[in-house]
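Participant: Each chain is listed here by its residues.
Number of protein chains: 2
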Amino acid sequence: MSESLPGGVVRTDMAMNDGRTIRYYDKVDKGSAARIAVDKRPVEAPAGIGELRLDPLVNEWIAVASHRQHRSFLPPKELCPICPTTSDVLTEIPDSAFSVVVFDNKNPSLNAAPAGWVLPELNGPATTTPAGVGKCEVVVFTDKHDSSLKELSEDQIALVVAAWRDRTKEISKLPNIVQIFPFENRGVEVGVTIPHPHGQIYAYSYLTPRTERMLAVAQAHKTKTGRVLMDDIVSREINDKVRIVAENAHWVAYVPFASRYPYEIHVAPKKRVPDFAELNDEQAAALPSITKEVLSRLDGVYGIPMPYMASWHQAPVALGRDLLGLHLQITSVRRTPDKLKYLAGSESGVGAFVMDMAPEQSAEQLKAVKL
Amino acid sequence: MSESLPGGVVRTDMAMNDGRTIRYYDKVDKGSAARIAVDKRPVEAPAGIGELRLDPLVNEWIAVASHRQHRSFLPPKELCPICPTTSDVLTEIPDSAFSVVVFDNKNPSLNAAPAGWVLPELNGPATTTPAGVGKCEVVVFTDKHDSSLKELSEDQIALVVAAWRDRTKEISKLPNIVQIFPFENRGVEVGVTIPHPHGQIYAYSYLTPRTERMLAVAQAHKTKTGRVLMDDIVSREINDKVRIVAENAHWVAYVPFASRYPYEIHVAPKKRVPDFAELNDEQAAALPSITKEVLSRLDGVYGIPMPYMASWHQAPVALGRDLLGLHLQITSVRRTPDKLKYLAGSESGVGAFVMDMAPEQSAEQLKAVKL
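Going down the list, the protein sequences come from chains P and D. Per the numbering used here, numbering through the first sequence is continuous, rising by one, with the last residue being 371. Per the numbering used here, numbering through the second sequence is continuous, rising by one, with the last residue being 371.
Bound conformation, chain P alone (with noise of 0.2 Å):
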């Protein structure tokens, strides 16, 4: 099944051996992209699901995900599963070769909704216990095992773009989900077990507790003054200027006012949109350059790579879309070529960042990097 997305792309859908789907999203115009590859791996159990539970202290969903334990962790490269099938190695992906795919991921987090199934109504440590809904994807950004996101071509990253607006789209258009969030992290300082360049898409059946905080805060100010917050926020970094490290005509990036991290840079598109299902295709067409700029801009400051995680806020699906707005967040905990930032007891216990380092010292380091 193929079906053609904006920007010349084109997404085949396949099924996987165990009935999960892998999509392959291809420049139209390149020969390569009939995708008929058929997954020959021995049919196994579909996944488990997990459940919910209600900490009650603070009402934050636990996602407890009992049946995941024995996942891939740092498998050998001749074994990285998500490498395209060889003759010998049979992988997720059953192509020889690949642009950019997504699949559902083999032992999610979150998955399909039981019949019947709703989140239960707050109460306290009295809270029923639903099942663990929502769906998890895998983004491989491409069939190179040694590369990153900042390595790859302007087209090739347009593709990445492609599929986390298609994600969007049509994840938005389930059942149960909430919120959708596309997120990478890479270096095995923050825990990735897979070094081949991908990432993920979490949709949550619940508000998840960082953006339901930023819907509230976004609503009061918008009642007190009749701005969206965003708006003031992207205003105030491009008025301040010295902390702009990257810009385009449609996207700036910039150290927050406020950053947590030694290295943390905000990409928020110019005019405000939601999430990637509302981009326009001129802003779609403007994120490759500025994302390989400012990753780019993050390995330069110690010439190395950077462990980082980057996350793509965007508003929930069917609330607050007007008071949100999408914007990618990169976080470094590298805060001098051999030291870390740890989230010790101030940041863990309660939640209260302290920053060794001034943003405004960080996006000068970021802005002086020679690309």
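Calculated directly from the structure, the hints in this document are not laboratory data. Treat the hints with care, as some may be off.
Identical chains share a label here; the pair holds if one copy fits it or two copies do between them.
Claimed, not checked - SDA-like, lysine to any residue: derived pairs with alpha carbons at most 20 Å apart:
hint : residue 1 : residue 2
1    : K224      : G124
2    : K339      : P76
3    : K106      : P75
4    : K222      : N59
Remember, it's a predicted structure, so these values are computed and weren't measured experimentally.
Once you have looked at the hints, place chain D on chain P.
Facilitator: Frame of chain P; chain D shown alone:
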């Protein structure tokens, strides 16, 4: 200056070279309690003060303390800054032996208020940036470098408890202090820079995010049910029984129903108190044994010292004291003898925790440890 404290403890204060205070806590019947050693190090300039920047996306204060960048990082054992002073090395502690000491942090993230300081009203990105006010102290648990909290005698831990009670009482009286947070980080895995057994106390001039959230949730629970949330939580754990790992006449220790880490233990008094200042002598006397037991069980799971963060959650100084309860939260990022849990995209990006181990499973392991 000496002062008698409950439980036969005497506190003796001395001035350090730069005007900071060091407090010795000793058993009153111990001959060595005459603390008169003088800090003979050359006087250094006092640490600067940082600032509090508002993260307007979530209305949270970030303490920017760029003057702290050059603090000690894993000094060699012979240069440990919190060992007793010797003829060769002058440390933070002038005496040649000690029981428990608490001194003002040399490189505090938060510092005493300049004249006229007030925490500004929140106003989105237009919020003003006040000085980083608060107080940071270091609590040294023993003069033995190669030890740990669980290896200390109950009498020695009782001195640590006496220090927590005394510090909470005294710091509560200082101007501009909203919340007091004693904690301990242990293990290089969680970024500990000085292995000598010690904890810290952070006193904030603002409500920290987790405490603010706990307060709002507890207030809503009280309004809805007429009951105190912490009481309902402890009752549920006692009724469920299966996650209780230690208990005595005054305290109960459990893996919480919705734990966030592979090994997470909460220790709460059976009779709720808001903070250490209001703990009674019987409760205080029963705390060392359960502390020792719980930490010994944690280390016993894999027979190796577990990295952990121990957070003593307390009610704020002047707010919600009938709603929140003192409790210890111990979390460990070790999930197997050779694997750590990392806070990856879901946890770091949007605050949504995923737990790969059922709380009942880790409770079972903790209970099975032979002490």
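Participant: Now, for every hint given, state plainly whether the structure supports it.
Facilitator: Hints, one by one, checked against the model:
In this assembly of identical chains, the alpha carbons of K224 and G124 lie at most 20 Å apart only when taken from different copies (10 Å versus 31 Å within one copy). Within a single copy, K339 and P76 get their C-alpha atoms only as close as 27 Å, which misses the 20 Å cut-off; across copies the closest is 16 Å, which meets it. For the homomeric pair K106 and P75, the shortest alpha-carbon distance inside one copy (16 Å) is at most 20 Å, but the shortest distance between copies (44 Å) is not. Only between protomers do K222 and N59 lie at most 20 Å apart by alpha-carbon distance; the minimum there is 14 Å, versus 25 Å within a single protomer.
The earlier numbered hints are all upheld by this structure, with none contradicted.
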